[in-house]
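Chains as they are written, first to last, in my numbering: chain C, -3 to 328; chain R, -3 to 328; chain A, -3 to 328; chain W, -3 to 328.
Just so you know, these hints were derived from the structure itself, not from any lab. There's no promise every hint is true.
Heads up, the list lumps identical chains together, so a pair's fine if it works in one copy or across two of them.
To be verified - Taking lysine-lysine and the DSS-like style, the derived pairs with C-alpha atoms no more than 27 Å apart in a straight line are:
#1 Lys67 - Lys91
#2 Lys141 - Lys28
#3 Lys71 - Lys91
#4 Lys12 - Lys71
#5 Lys248 - Lys71
#6 Lys321 - Lys67
#7 Lys71 - Lys321
#8 Lys67 - Lys248
#9 Lys141 - Lys91
#10 Lys243 - Lys91
#11 Lys321 - Lys141
#12 Lys67 - Lys12
#13 Lys28 - Lys243
#14 Lys67 - Lys243
#15 Lys67 - Lys8
#16 Lys8 - Lys71
#17 Lys8 - Lys321
Protein chains: 4
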Amino acid sequence: MSWFEDSIMARKAVAKGEARAEASLTEAQQGKYHYVYSAAIPPVLRIDPGTVLTCETHDAFEGAITSESDKPTEKLNFPFLNPQNGPVWINGAEKGDTIAVHIDSIVPRGSQPRGTTVIMPEFGGLVPTADTALLTAPLPERVRKLHVTAEEGTVWNDRITLPYEPFIGTIGTAPQIEAISSLVPDYYGGNMDLPDVAPGAVIYLPVQTEGGFLFLGDCHAAQGDGELCGVAIEHPTVTTVRVDLIKGWTIKTPRLENERFYMTIGSSRPMEDAARGAYRELIRWMAADFGFDEIDAYMLLTQCGRIRLGNMVDPKYTVGASVLKSIAGTAR
Amino acid sequence: MSWFEDSIMARKAVAKGEARAEASLTEAQQGKYHYVYSAAIPPVLRIDPGTVLTCETHDAFEGAITSESDKPTEKLNFPFLNPQNGPVWINGAEKGDTIAVHIDSIVPRGSQPRGTTVIMPEFGGLVPTADTALLTAPLPERVRKLHVTAEEGTVWNDRITLPYEPFIGTIGTAPQIEAISSLVPDYYGGNMDLPDVAPGAVIYLPVQTEGGFLFLGDCHAAQGDGELCGVAIEHPTVTTVRVDLIKGWTIKTPRLENERFYMTIGSSRPMEDAARGAYRELIRWMAADFGFDEIDAYMLLTQCGRIRLGNMVDPKYTVGASVLKSIAGTAR
Amino acid sequence: MSWFEDSIMARKAVAKGEARAEASLTEAQQGKYHYVYSAAIPPVLRIDPGTVLTCETHDAFEGAITSESDKPTEKLNFPFLNPQNGPVWINGAEKGDTIAVHIDSIVPRGSQPRGTTVIMPEFGGLVPTADTALLTAPLPERVRKLHVTAEEGTVWNDRITLPYEPFIGTIGTAPQIEAISSLVPDYYGGNMDLPDVAPGAVIYLPVQTEGGFLFLGDCHAAQGDGELCGVAIEHPTVTTVRVDLIKGWTIKTPRLENERFYMTIGSSRPMEDAARGAYRELIRWMAADFGFDEIDAYMLLTQCGRIRLGNMVDPKYTVGASVLKSIAGTAR
Amino acid sequence: MSWFEDSIMARKAVAKGEARAEASLTEAQQGKYHYVYSAAIPPVLRIDPGTVLTCETHDAFEGAITSESDKPTEKLNFPFLNPQNGPVWINGAEKGDTIAVHIDSIVPRGSQPRGTTVIMPEFGGLVPTADTALLTAPLPERVRKLHVTAEEGTVWNDRITLPYEPFIGTIGTAPQIEAISSLVPDYYGGNMDLPDVAPGAVIYLPVQTEGGFLFLGDCHAAQGDGELCGVAIEHPTVTTVRVDLIKGWTIKTPRLENERFYMTIGSSRPMEDAARGAYRELIRWMAADFGFDEIDAYMLLTQCGRIRLGNMVDPKYTVGASVLKSIAGTAR
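Given only the sequences and the hints, what does the whole structure look like? Please build it.
Pasting the structure below:
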C-alpha cells in the first residue's frame, strides 16, 4: 500500500491513517437508521481518529422491496428512503477541519436475491420528475431482484453478469444548522452516488460543526455513470472504513484520493454547474497544495482533466473532476 | 373586497377567510429569530384558523448592515442570514391540508435609512457564485443604505425614487423531516422572493406535518424580476397576515390568488425546470378545480399564460405561472 | 406619438424614423418564402432607410394545416417550417450598424378559421423533445383551427375569447457567414417569439453583413409567456413596418423600445443564461447611453428590472429584460 | 484487427470497411478552408465508399498564433475560426443513409512549437462567456506554444509531458438547409471535441442531404474531459480516414464504435440534456440492433453505462454515452 503512505490522509491526519481502534455499527447497535443529515441527531457512536468502523448498511429501501411483484409506490414511504448509519461523532473534529475516510472494504450481506433496482414514477434521468415536470405519463413501475455476490457480481440475466464493483452511494458530514434529506448531495457529501467512492479510496469530507457527525449508507453493487434510472444495484452490506481527522485543513466540498488520481466533487444543477464547481475546486487545490499557478492549472486541466458523472437523477447532480497523480505531483 | 368573497380562501377555509382573532409576534415576543424551516423548532405561537397575525420582521441581515461603509463579509455570518418569524402552529393543520395566508398589510419600521441592498462575493445573478463557480474575480463589495417610507417609496438617488411595492420575500411551512435554510425556496415555500406575495394576495402553502409550522420574514420594499444582484431593498416591517386553514385540499407546491389571477409557484434549477414545474401545476389545478381537460389547458396557456420570475439568485430559482381569472373562470 | 419623437429611432436613424417611401412584399412579390436566415439568399427587395414595408406573411405552417382532423406529422415537412418574408436589403447598412424597425400594424388575413395551434411530437415545453430526450411517450397530436379577427380576437371556445394581441414571432437580420433555421432565435433575432415585438414598438437589430438582410414572419394573434406547447395562435397577416438604419450604433443582440420601457433580448439555454444575457446587455446599455455606472445599474435593476419570457420551446429560449423609461431616463 | 471485422462498418457498409481507393486533401488541394458546415459549398472532392482519405488539417487558428506574445484578440478574426477540410461528396449518399469514418491515423505536422492553447475573452468553461454573460472582468489573455511530437507527446513544462493522444475535434456532415459555424456541435456532428473520435475508432454520421458533404478538422494532440478553457492542444496534422457508406441505416445523431464499446453522442444545453440525448439514443440503438427491451436497456445502463464529456465550452455541450461490447453483445 505504498501510494497510501504518501496520501494526504497518511501524512496529515491525526492518526496518520493508521488503524488504532475498532468500532462497529451492526443493525442492533445502530438501532434507528436516519433519513436526514443533521447535527441535531444524537450521535450513535463516538470514536477517536484512527478508528476502523464496521457498519451494517441497509439497502436504499431498507429492505422493503422483496419481490419483483412489489410496487414501489405501495412499499416505499417518501421521505423515509435511503437509510443512513450514524451519526458518528469524531472526537476532536471542529468546523474547518476535514474528516478522512479510507474505504477498507464493502461486502454484500443478507439473503438472496439481495440486489434491487426499480423504476418508480417521478424519478430517473429519462422520465418526467418533480424537478423536470412534464405532462407525459410516467413509465410503468418495474422491480428487479438480483443475485449479488462479491465473487461473481450481479446476475442481470442468463447472458449478462455485471462485476461486483461496490461503492458507498451516500456519505458525508452534518450541515451546520440544516437537516437535509439523505436523498440530496451537496457541499458536505450526502447522496453523491459517485462510483469512485470505492474500496481503496480515501474520501475527504468538510467538518461543518463540532464532532463532524459522519453518516454513511446506500452501498451499490454496481452503477453506471449518472445512475440513469435513479436506482443502482442497491444492496445491504458490511462496510468497513478507517476514519481519521485532519486538523486545520479546510475544504469547501468533498475531495477524493486513490492510487491514481486526486478528485474534487461538485453537486449542483444544471450539470454544467456541478462540473464547474468540481473543476474550480480542483484548480484551487492544485494552486494551494501542488504549487500550480491557477491559470496554468486551468490550461493544464484543459488538456488532461477527467470528469466522472456520479448521478444525474438526484435533487443535485454530482460530478467528480480529477487529475492524475503522475501529472499533478504530490501534495505539499 | 368582492373578489375575496369568491376566493378559495373565503369559500373553502375553516374560518371562511374571516378575521376572528388576533395575535402578534413583536421582536420581544418572537425572541430568537430562525434560519431554518423546521418542525423541530418549538412553535413560538399557536393560533386558530382565522387569526390576524402581526409580525415585526427583521431585514434579511437582522439589522447588521448599518452604514454604507460596512463590509458585508465582515458583518454577516453565514448561514445566519434571512431571519424568520415563527414557527406558528396552526391548530388543526395536518399533512395534506393547506394553509391560506391573506396578506393584509406591510408597513416599514425602524430608523432611517432603513432600506439596505448590497453586493457581496459569490452571490448574485451576474457574478460567479458557489453554484456557478468560475475563475474570475468577484465584484467589489458595495452597500447602499436607503431612505424608505410607505408614502414615498425608496429614494435611490436625487433623480430616481422607486414606489413602495412591498412583499414577503420568504414564507412557508416546515418540511416533514428536514430543516432547510431560510435562504432556499422549495415545494413548501421559503425564500421565493416573488413580488406577487404582496398585500391583497392570498398565498396557499402545503402542510407537511401536524401544525404546519408557518414561518415568514425577509420583506422587500421593492424588487425587480429575478432579484438580480441577490439583495432587494431589504427592510424591517410590521407585516400583518390573516391565517386560515383548508382541510383536505392538498397541493404540491405554493399557489397564489389575487384579484386578477391564479398562480402556481415552482422553484428549481435550471430556470426552465422552475417554469415547467409552475406551468405543470397550473394545468393540474385547471383540470382539478376549473373543469379543463389537461391538454386543452396546456394549449390555452400557450396563448395566455403569464410567467413572473421571482429570483434567479437563490439555491433554487423561483417562477410563478398564472392565468387570468377572466379566462380560467372560478374554481369549483 | 410623442414618445416616438424621443425614441432612439427618431433621433439617431438615417431617416429620423419618418416614412419616406413605400414598398410591399405580397405573396406574389415574395414568391418563395425562406426557412433560413442567410445572406446567401438573393434579396427579394432593396429599400432605403425610411421605407414603410407591407408584408403578406404566412402562418408558421405556410397554411398546410387546414382542418382539425389534420395530422401535423403528415402535413408538415421539417425543416421547411416557419416561412419568412425577405430577405430585404437595406441600402447603406454595414456590419456594426443597427436596423430599426417600427411595427406599424399587424392585420389578420386569409379565410376563416385562420388561426392554428397544434400539439406535435418532440416539440413543446412540457413534453420530451429532441433537446430534452426522454423515454416516455409523446402526447397525442391535436389541432385547433380558430376564428381570429382583429376586432374580436381569437375564439377559443364558447366561453373564452382571447383578445387580439398580435406580434411578430420571428424577425432578424442574416448572420455573417451562417444560414440558420428560422426556428432558432439568437443574437441576430430570429424565432424569438417575444410578445413585446408588437405594433407600436421599435425593435433594433444588429447588422452582421452588408445590406443587413431583414427577414420577418411567424405572426401570432395571441401568445402566453413561454409559448408553452410550442405553437401560438399562428395566422397569416398583413404586417406593416417602417424600416430605418442607425449608422455606427453597434449592438450585440436585439433591443426594443416602446412607450414605456427599454428592453434587451437574450436567447440561450439554459433559461438563466438567456436572462443573464438580457440583463447583462441592459446594464451595458444603461452605462453606455444613459449615464449609469455599471454596478449602480446592476443594483438598480435588482429593484426594478422586468423579465418577459418569450419562448421556452425553441432551440434557444428567449428572455427580454427591461427598465421603465421613467427610471432609466432618456438615452443620450 | 479482429474486432473491426465484426464492426457495423465492416458488416453493413457498401465497401465492407475495406480500403479500395485513395484520395488526399493537401493544403494545396484543399485551397480555401471552410468555417461553416453547409451543403451550399461546392465539394472539393468526390469519392466512392471505400476511399482512404488523407487530409492536411490546420490548427483551429489556421496557424495565426505563432508566439506566446501574440494576443488572440488581435490575431483572430471571429467567426473565421476552426477551419475545416472538405466538403467531400460521398458518391451514393442520400438523406437517411449513414457515413462511416474509420480513423486510421493522426500525425502532427508543421514546424515546432506546433501545439497551441490560449485563454481568450468570453470563451471557456470557468469564465463569463457570450452565453453565460456576467459582469465580472475576463481573465487576461494568455498563449502557450508547445512542442508536440507523436513519439513524446506535448511538453507542458520541465516536469510535465502529456502523452500524444490525438483525435479529430470537429467532424460531420452538412445540415440539409442550414450552414452552421464549425464552432458548433449538433446532430450532424461538428465541433464535438470528443476524445473518443481517435485513431482506431469508427464514427457514424447521419447523411442529411445528397452526397453527405463530409467536413473535418480541428485535431487535438491532447484534451481533457470538457476542454475546460475552450482550447485544447491545437495542432496541424496529417489525418487519414477510411470513408464508407451504409445505405438505409438511419441515425439521428452521431454514433461511435471502437474495440471496447458502442457510443452515442448528444450535443445540447444544459449539459443534462446532452447526457439525456446520448443515453436516449443508446437505448434506442440497443433496442433496434441488439435485441433489448427499451426499459430493460434503461435499467441495465443504470448499472453499467459510461459517460464521456466532450466539451463544456462550445455553443452546445457534447456528451458521449457508451456501453461495453462485452455487455451489449453484437449488433444484428
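Right, here's what the structure says about each hint:
Only between protomers do Lys67 and Lys91 lie at most 27 Å apart by alpha-carbon distance; the minimum there is 23 Å, versus 43 Å within a single protomer. For a Cα distance limit of 27 Å, the shortest separation of Lys141 from Lys28 inside one copy, 25 Å, qualifies, whereas the shortest one across copies, 50 Å, does not. Only between protomers do Lys71 and Lys91 lie at most 27 Å apart by alpha-carbon distance; the minimum there is 19 Å, versus 39 Å within a single protomer. For the identical chains of this complex, Lys12 and Lys71 are neighbours neither inside a copy (45 Å) nor across copies (38 Å), given an alpha-carbon limit of 27 Å.
For the identical chains of this complex, Lys248 and Lys71 are inter-copy neighbours only, at 21 Å across copies versus 37 Å inside a copy, given an alpha-carbon limit of 27 Å. For the identical chains of this complex, Lys321 and Lys67 are neighbours neither inside a copy (46 Å) nor across copies (32 Å), given an alpha-carbon limit of 27 Å. For the homomeric pair Lys71 and Lys321, neither the shortest alpha-carbon distance inside one copy (46 Å) nor that between copies (36 Å) is at most 27 Å. Proximity of Lys67 and Lys248 under a CA criterion of 27 Å is satisfied inter-copy only: 22 Å between copies versus 40 Å inside one chain copy.
For the homomeric pair Lys141 and Lys91, neither the shortest alpha-carbon distance inside one copy (42 Å) nor that between copies (33 Å) is at most 27 Å. For the homomeric pair Lys243 and Lys91, the shortest alpha-carbon distance inside one copy (10 Å) is at most 27 Å, but the shortest distance between copies (44 Å) is not. Taking the shortest alpha-carbon separations for Lys321 and Lys141, only the inter-copy value of 24 Å comes in at or below 27 Å, while the best intra-copy value is 39 Å. Taking the shortest alpha-carbon separations for Lys67 and Lys12, neither the intra-copy value of 48 Å nor the inter-copy value of 40 Å comes in at or below 27 Å.
With identical chains, the CA atoms of Lys28 and Lys243 are never at most 27 Å apart, being 31 Å at best within one copy and 32 Å at best between copies. In this assembly of identical chains, the alpha carbons of Lys67 and Lys243 never lie at most 27 Å apart, being 47 Å within a copy and 29 Å across copies at closest. Taking identical chains as interchangeable, the C-alpha atoms of Lys67 and Lys8 are never at most 27 Å apart, the minima being 49 Å within one chain and 35 Å between chains. For a Cα distance limit of 27 Å, the shortest separation of Lys8 from Lys71 qualifies neither inside one copy, at 46 Å, nor across copies, at 33 Å.
In this assembly of identical chains, the alpha carbons of Lys8 and Lys321 lie at most 27 Å apart only when taken from the same copy (18 Å versus 43 Å across copies).
Of the hints listed earlier, those the structure fails to meet are numbers 4, 6, 7, 9, 12, 13, 14, 15 and 16, in rising order.
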